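Asks: Chains as they are written, first to last, in the numbering used here: chain A, 1 to 155; chain B, 1 to 180.
What the hints contain is simulated information worked out from the structure, not anything from laboratory work.
Keep in mind that the hints are not guaranteed to be accurate.
[Claimed, not checked] Mimicking BS3-like on lysine-lysine, the simulated pairs with C-alpha atoms at most 30 Å apart in a straight line are:
1) K38(A) x K153(B)
2) K43(B) x K5(A)
3) K74(A) x K153(B)
4) K111(A) x K153(B)
5) K54(A) x K43(B)
[To be verified] Sample of chain B residues at the chain A side, in silico, Cβ under 10 Å:
6) L15
7) H30
8) V31
9) A32
10) Q33
11) C34
12) A130
13) A139
14) H140
15) L147
16) L159
[To be verified] Cβ pair distances, simulated, as ranges:
17) E102(A) x G53(B): 41 to 49 Å
18) D16(B) x P81(A): 25 to 33 Å
19) Q104(A) x E161(B): 34 to 42 Å
20) S95(A) x S152(B): 26 to 34 Å
21) D151(B) x F51(A): 41 to 49 Å
22) P32(A) x E161(B): 34 to 42 Å
23) M56(B) x G93(A): 48 to 56 Å
Owing to the predicted nature of the structure, the values given are computational and were not obtained by experimental measurement.
Quick reminder that beta carbons are idealized off the backbone N, C-alpha and C, glycines included.
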Amino acid sequence: MKLPKNLRRRVLLFSLLSFIVAAGRGAAQKQPQIVQVKIGTILASNKNDEFDAKLKGLENQLRVLKYRSYRLLKDESQNVPWQGSKVFEIPGGRSLMVALQEFQDNRIGLKVRLTEGQKPLLDTTVRIANRGNFILGGPPHEGGVLVLSISAVAQ
Amino acid sequence: MKDCENISESMGRWLDGELSPAESESIRAHVAQCAACREAQRKLEKLQLALEGALMAESKSIEFEPFWRAVQLRIAEKRTWYEDALDWSRGLFTASRAAWAIPALIALLLAVASLESYFPGWRGGAGRNAFAAVDSIDAHGRNVALLREYDSKTTVIWLYEDQEGENETAEEPPPPGPAF
Ligand SMILES: [Zn+2]
Chain A
1 MKLPKNLRRR VLLFSLLSFI VAAGRGAAQK QPQIVQVKIG TILASNKNDE
51 FDAKLKGLEN QLRVLKYRSY RLLKDESQNV PWQGSKVFEI PGGRSLMVAL
101 QEFQDNRIGL KVRLTEGQKP LLDTTVRIAN RGNFILGGPP HEGGVLVLSI
151 SAVAQ
Chain B
1 MKDCENISES MGRWLDGELS PAESESIRAH VAQCAACREA QRKLEKLQLA
51 LEGALMAESK SIEFEPFWRA VQLRIAEKRT WYEDALDWSR GLFTASRAAW
101 AIPALIALLL AVASLESYFP GWRGGAGRNA FAAVDSIDAH GRNVALLREY
151 DSKTTVIWLY EDQEGENETA EEPPPPGPAF
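In isolation and in its complexed conformation, chain B is listed as follows (with noise of 0.2 Å):
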């Protein structure tokens, strides 16, 4: 039986099922009875789940249409896009490549950065982007709608009497639409 020190080395081989199947039996027994080794799989395990959630919201802030487009065909296949990814950006830090590597990585994400401001909306989201976004109204006590009409990419604020008289009617139809 391998102690506490030797089962916490080979830990994280074991939760990405790296070991031989005797190796795992023999952790897997010992952490079944150690409640400290137990607790540090738990531990262990839930940094994982922290860093993925992170790296979805993270991943979800970049809009990156193109780039998407490009790697949709890799997604397909049975290893991730950024698993090529980090095989390659791995491939950067190693010593021969490194000189070369590093300058070029800078210049790859100026490039990315300043897009923007030659070819506004590059990255695909105009549709998206076109759209105005509300953050506030006060109509101080009067009746105000809000309208988005997605196909002429409209947002409307409309602000409306109440209809005491019927005969107003005909002048002030409300905007129809289902985003009140």
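Excised from the complex, chain A in its bound form (with noise of 0.2 Å):
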């Protein structure tokens, strides 16, 4: 039986896609050796009006937050090895690990769990941009909150 000519076409064009598809996951998997992960641990509160100077860049999405003030407390980057994994100490006696879980199509699977002292507080997974972030906020501290800016760029 002869197949229709729309189905020729389908079955070329279908190949066709799936090439170019299976190309460009071929490339996107090139896995870097490193990873930089930096978390910036930031103190909102209400007590005044004062936005830290050092947090310009994160301005637009910390006013998401609706605090009247943002302070820098701490900014610290380690670099990540592929599928290891870093502890950050965060003020308060809590601790963040970060592990590295996969980069596909120029996105970083990052595994995260915040911890105080022994207890986990809290454990999620999450894929950002190369160069993106995520904020992790909530955790009482100092008559205010903190929140966590975590951001990756792949070496």
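Mind docking these for me? Both chains are given alone in their own frames, and the hints should help you get the complex.
Replies: Dropping the structure here:
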């Protein structure tokens, strides 16, 4: 039986698209050896209207949280090896463990665990854009709350 | 009346509407009273639909905004862009052109594949791509909210305590927003 022309076209187009997709994925999966993970620890409160000038680059994101004042407490970067993990000390006896999970489509998959002393507060897996970030916040601290900006750059 | 073998030979062209009215009518009449040919027609149509679905799904997974912009004008034309692409790709495989066209096609695909490594976000997906995707959250029994704000491409995971005492509210306003 002869296939209809539309069907033949679709078979051809389908193989062409599959090839393009496969080629794209192949390139995207080149994994970086090291990812630099940066944690900015910020104290957000409603005590005054002070906005820390060092947080200029995060202003639009922080304003989403609707606090009046933002102050950078700590800025720490660590190089995390592929499929390795690093622990960041967070003010208030907390710590943040960040593990690299995957790199695909220029996105970095992170597994993040926030603990206070020995007890885990939060476990999450997040995929962020290379050079992008996400915000983790809420733990009370010195009359305000802690806000962490977690970002990653593939090296 | 054509026999089943002839019918099945012409069925593809019949479904494509490429037969003369007389030929179409004779096939239609045969298919109407022949269960085997009706079954063949049904299978062929099902296959077409399945492939159409697969094509749609596959083309969705390619983020090709710049490419799309370039072909958007053509979509408005009578012929669809993929028909043009197919005519073009069919031309590639004619003997005289194949010699250079196949390496050229491979080079083009490699270029597309490696653009991402030189110009991350070139596909124009930077906006969507810049958003963090949260795959799982476990707050070990505590309250947690997920907030996404589109203008600033902000993804927030917010831990909060139960508001047992009202005196704490000044300290911990829950983040406002639609996506809790
Ligand atoms: Zn028949």
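Asks: What hint numbers does the structure not satisfy?
Replies: 5, 7, 8, 9, 10, 11, 17, 18 and 21
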